[in-house]
Amino acid sequence: MRSRTWAAIAVSLVALLWAGLGHLSTRPADFHDYRTMTVRAAQSAYGAVGTARLTGDALAAGKVTRAYAEAGFADAREALSAAAAGFAGEGPPDDRARKLRDQLAPLLRDAAAALDRLEAARDPAAWTAAAAAAQPVADGLRAFVEEHA
Amino acid sequence: MLLAFDLLDRQIVDRDGTPVGKVDDLELTGAVVTALLTGQQALGRRFGGALGRWITSTAYRLDVDRLGPRRIPYDLVARVDSAVHLSVRVELLDPPPLERWLDEHLVGRIPGADDAG
Amino acid sequence: MRRLLAVTLGILTAVGGFVDIGDIVSTSEAGARFGLAHAWVLVVGVVGICVYAEMAGRVSAVSTRPVFDLVRERLGPRVALVNLAGSYLITVATLGAEIGGVALALQLLSSAPYLLWTPLVAVLLWLALWRVRFETLERVFGLAGLTLVVVLVSALRLDTDWGSATHVVPPPGENWPTYWFLAIALFASAMTPYEVFFFSSGGVEERWTPRDLTVSRVNVFLGFPLGGLLAFGFLAKSAAVFHPLGIRVDTLGQSVLPAGLAFGQWGLALAIIGVFAATFGAAMETGLSAGYTVAQYFGWAWGKRLRPRQATRFHLVVLLSILLAVAALLTTIDPVQLTEYMLIFSAVALPLTYLPILVVANDRDYLGDKVNGRVANVLGIGYLVVVLAAAVAAIPLMVMTGMGG
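Protein chains in written order, with the numbering used here: chain A, 938 to 1086; chain B, 18 to 134; chain C, 23 to 427.
Fair warning: there could be bad hints in the mix.
Facing chain A, according to a computed beta carbon distance under 8 Å, are these residues of chain C, among others [to be verified]: (1) Gln129; (2) Ser133; (3) Thr158; (4) Pro199; (5) Gly275; (6) Leu279; (7) Gly390.
Listed next, with one range per pair, are the computed distances between beta-carbon atoms [unchecked claim]: (8) C:Gln359 to A:Ile946: 26 to 36 Å; (9) B:Leu45 to A:Val951: 43 to 53 Å; (10) C:Ala349 to A:Ile946: 30 to 40 Å; (11) C:Arg161 to A:Asp970: 52 to 62 Å; (12) B:Leu79 to A:Thr942: 33 to 43 Å; (13) A:Ile946 to C:Met425: 24 to 34 Å.
These are computed hints drawn from the structure, not numbers from a lab.
These numbers were taken from a predicted model, which means no experiment stands behind them.
Don't be surprised by glycine CBs; every beta carbon is placed ideally from N, CA and C.
Please build the complete structure, drawing on both the sequences and the hints.
Pasting the structure below:
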């Protein structure tokens, strides 16, 4: 009898927890959630572009190997795609959120283009130029994070 | 005679210090310990409950020759300190069934199984 | 002379062996986000591991049994089984993280994806554990791990703001929960459970006797702090390069970049080789520790001194643990993320490891007059409180900060 009571309590607790988690994960996002998500995406895109820029400069200066730089660019690409996917996966709940979206979307596109250019470059001059071109993109992303965090 | 509490769960080693097993249970005749029992079948019996039954039945299934828990006569115990030291070498005792099966069919067949590290 | 050599080698291997994927990941992240504000946590962690590794080494030397062999006698088979389950899971998760670290280091050297390297690393690891002599393994990887000194030196060469180490508050834009979350990860990385399993079992494998107490203590009190210094190198170089830029570190490539910035391709190569050696060495230690914990609970024959044929069950557990770890990695979980989870869950399981050591180290039946003195007990109990606090706070902080995000 006692073990049955315990089992009933345990089952109802699990059911409650499940329902609670279900509610949390399906409830429509408000502006605060949306802002948190965009800042996180911008932060991670900034990390990717910023690191790729450092790596590009170091590559041009002969401080890192090609193999290392390629692996580093691939990591940056992966982080950026994850950030962009997270950003694209959620629609803005209101007008303020739409403004945020319109501000970040072009920055993420520029970030992808900057990475493309770094990956396509084949000689020191091109690396330096691509790294220099990535700088304003990184600055823009950082400014976005600092403005909205 | 030592109290059972001092023997249970103690490591058994042979005369060279090679581990033989734990004292998973004891064989008592009256109040005298006549043998050490070692192996997961003996351990599971002490556990009791569903977990104990599971341990025992798994160990039983792995024990292909149905020898039961390994029994080490208490006469073979030389001294007891942080471990139970036997007066014989491990080779003189029956090997645990799983250890022997693995030796014959799996681990013992890998090249280099006879080289000490 | 030979004895001196043995001690020197012991220290060097401890230095190289102390740093592993957990230290590299957690220090690099903390340095990037909080500068040197976490430097004190490393000091706390190093003192903690010294206190408990000294106890574990003393227990092994005096009783000639590894600590976890004795846990079952003292706590009974049921409690010890819970302990075994917790320790084993954490150790296998750590093993997966270390194998991932080796594969990532190879990716940085070759640019071929780490998932291709993972199975190869696992095979190499198993071969090393199966064939190669224990001392050879320890020495080769311990000494190669010393190349990580380059990371520390590059922190000195780069523009590190050393004064900020006394400034133990979160910088603007960061909050206290994240600060404490990373502090717990750093603490857990310094006190990773496999280190004591390995240290006490290694002492028994090397047939320590009470005469070797000094060797054990010298190893502990020099090896661990010097190893902690290498971990501090990762914190400092991350603080120097990434903190001012506000870039978060979440890849292994980022953590070695500062060595390249400071010393060019040679610096970078040395750092990557150091990471490779340290994680491979740690993978061997965790692989063996997985076997030790299980074999010592059941009383099976274990260790590399015996012919594998005499310890088939031990070798089977080691092999299965490697397979489990590789299976976890092949789910394509990011090894750096696996490391972060591993650290938080080891923080939760730390009391399981450290409470029994304190109990056994106070047991006159095993240690006679070599039981804990007053200093060891005060420190031991003090650290147990810290360990418990970290264990309780770890999961709530993880949820609150969303894994530090």
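Tested hints:
Here the hint on Gln129 (chain C) is kept, as its CB sits about 5 Å from the closest CB of chain A, short of 8 Å. Using the Cβ-Cβ criterion of 8 Å, the hint placing Ser133 (chain C) at the interface with chain A is satisfied: the shortest such distance is roughly 4 Å. About 29 Å separates the beta-carbon of Thr158 (chain C) from the nearest beta-carbon of chain A, more than 8 Å, and the hint is not met. At about 14 Å, the closest approach between the beta carbon of Pro199 (chain C) and any beta carbon in chain A exceeds 8 Å, and the interface hint on this residue is violated.
Given the 8 Å rule on beta carbons, the hint for Gly275 (chain C) holds: about 5 Å separates it from the nearest Cβ of chain A. Hint status for Leu279 (chain C) relative to chain A: holds, with the closest Cβ pair at about 6 Å, below 8 Å. Below 8 Å, beta-carbon pairs count as interface contacts, and Gly390 (chain C) has none with chain A, the closest being about 46 Å; its hint is therefore violated. A hinted range of 26 to 36 Å holds for the C-beta pair Gln359 (chain C) and Ile946 (chain A), which are about 35 Å apart.
For the hinted restraint 43 to 53 Å between Leu45 (chain B) and Val951 (chain A), the CB-CB distance of approximately 45 Å keeps it satisfied. Between Ala349 (chain C) and Ile946 (chain A) the C-beta distance comes to about 35 Å, which sits within the given range of 30 to 40 Å. Taking the beta carbon of each, Arg161 (chain C) and Asp970 (chain A) are about 54 Å apart, inside 52 to 62 Å as hinted. The hint said 33 to 43 Å for the Cβ distance between Leu79 (chain B) and Thr942 (chain A), and at roughly 38 Å that hint holds.
Distance hint for Ile946 (chain A) and Met425 (chain C): a CB-CB separation of about 31 Å, consistent with the stated range 24 to 34 Å.
Going down the numbered hints, you'll see the structure goes against 3, 4, 7, while the others check out.
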